[in-house]
Amino acid sequence: MTTGLRIRNGLPLYLVGKLINDFNPIFCRAHDRAISFIGARDRLAIVLNIINNRSDSIGSDWNYAYAFDSNEVKINIKYFLTKSNANKPMPLDIMLSKNYLSISNSNKEFQARLTSIIEDPPIPRIKEMNDGIAIRIKDLNVMAEQVNSIDGEVVELKYSDHRLIMKSINHEYPTYTVPTANYSESKDDSEEKITSCLKQILLISCQLTSELESKSAELRFYPGGAAQLASINDYISTRCLLTAVKYNTIL
Amino acid sequence: MNILLLDNVRITQLIKAVSSNLIRAQQEEKKDGDESLINSFLDKAGFDSVLLAKYFLKENDPVEGSRYLLSGAYSFEKSGAFNQALACYNKIINIGEEEFLDQATLGISRLDSIENDLDISTKEGKIIALDFLIWKNYGLTTTSAQKSISDEFNLEVSSASIRSYAKILEERKRAIIWGGPQGREYHIYPNIADLATREKYYGQKSLFVGSIENRITDQFNVNFNNLDYNKELFILNGSIVPKMVLAVDMDAFVQNLEKFSRPPFAVKAFGELKKSTDFGENGYETTLEEELDLVDANKLYDGQTEEAIYERQEIGGHN
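Order-wise, the sequence lines are chains A and B.
Numbered according to this note's numbering, the first sequence spans residues 1 to 251.
Numbered according to this note's numbering, the second sequence spans residues 1 to 319.
The shape of chain A in the complex, shown without the other chains (with noise of 0.2 Å):
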């Protein structure tokens, strides 16, 4: 039995196309009405939700899972790296099957098969974060040339007054203050927060996440613990889960 969704451009395949350079194989789990492309390693996840809330969907009583070599699947969906065509208004089915997923857009000029190097892969568990402190970040873009200008290693991120300052573990500046929308969200912000994460990875998170060009990237964070940096709009939504460098196994 084939099943499938119809998204409405082919902006998720673009982001892929992101996820391609830093993750292999590109893991994907077709389930309970939506599509999850996900990238893991040590200290980092990212899934990129294609959620499956049109009313033209072909179906949605799915359970899939599958890895792709990335490499063939930068091939296959070459035309969508190129942000200006994955933008065009012109709908994108995905088809289910075992073991590949079909891809076309609606007047078939594009057509690609992404086949699972391994038949029924277990798919990493990445767990969501609930609680801890969110904070909306204004603009993620501003954010990404921070990180990428801070020497070292890892990245400390600091949450205190309101405030989210990033800076290096082992030098005290470049200190930066990442803007944020004001907005702040947690049942306990009454004391400091602060987390660890590598510099690269890091990066990787923010410029996927901008990707999206959404209003509503947040940044979740525990002291000492993991980050997630999420974002939505109204199809697509990207979580990148970093889990921290414990401040003792650096110094």
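No false leads were mixed into what you were given.
Derived DSSO-like pairs: lysine-lysine, alpha-carbon spacing no greater than 27 Å straight-line:
hint : chain 1 : residue 1 : chain 2 : residue 2
1    : A       : K98       : B       : K259
2    : B       : K123      : B       : K31
3    : A       : K199      : A       : K127
4    : B       : K259      : A       : K74
5    : B       : K299      : A       : K199
6    : A       : K127      : B       : K275
No lab work stands behind these hints, which were simulated from the structure alone.
With chain A fixed as given, assemble chain B onto it according to the hints.
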């Protein structure tokens, strides 16, 4: 195969094997037979006794369990497997059955000064000396074993002899080897998994050999307050009794996805021994019904080819 799930037939076979190996050791001893052969019979009897003890303890029979532990301890003590004997005595004391306590305490006191009593003039004595040093240092390479034997016992042993002794210790389940043979060093580690109790070794790093079985990641809850790595969790079984949990870094999982997707597969895992409940410190809180020991793997080797399939990269070279 897991002994704790075995039927009466297998239990009877094990009981017979213990008796048979003890008798064979005795017969060899009477005719002044090969000391290595005698000790290998004793070690077999010892490890089978420990398996039986684990079975009876699981069946809530602490008396029979302690009896087999004591039998195992005597076999091990006699064969020079002192750490295995010590683990048996410690387990007996931990169980607390009164009729066995004095004998266990006496056994421990005998083992206290064992280093001074080693007779290193024979081949078997040298094997026991190597065993002693492997456990003392929690692992040696061929080269470091040569140096260690020279420093501690004033004894020069060739690298070929070290490798030969290490193989004998591995066959007797006292040690686990990675590396070798063609010109490569042996890395020789104490076999902690098969002890009567692993309690003394929590927090210790060693090499564990087994078979990766089912994935149990879903039987752990993630608590983000202290998360160190993304992990995948598997049952490590095979010859290990009781079975253990193997915690695998996400990079290891992704780099060896095909293997992890199609268990079982043989693996050697170097890492820290923990209780699965203690793994909560790393953010993983177990929902397993039984409390299992866990290995947090820094390095993974293919159990068939000995090829290294993963090594954790420490940030900035620090642990």
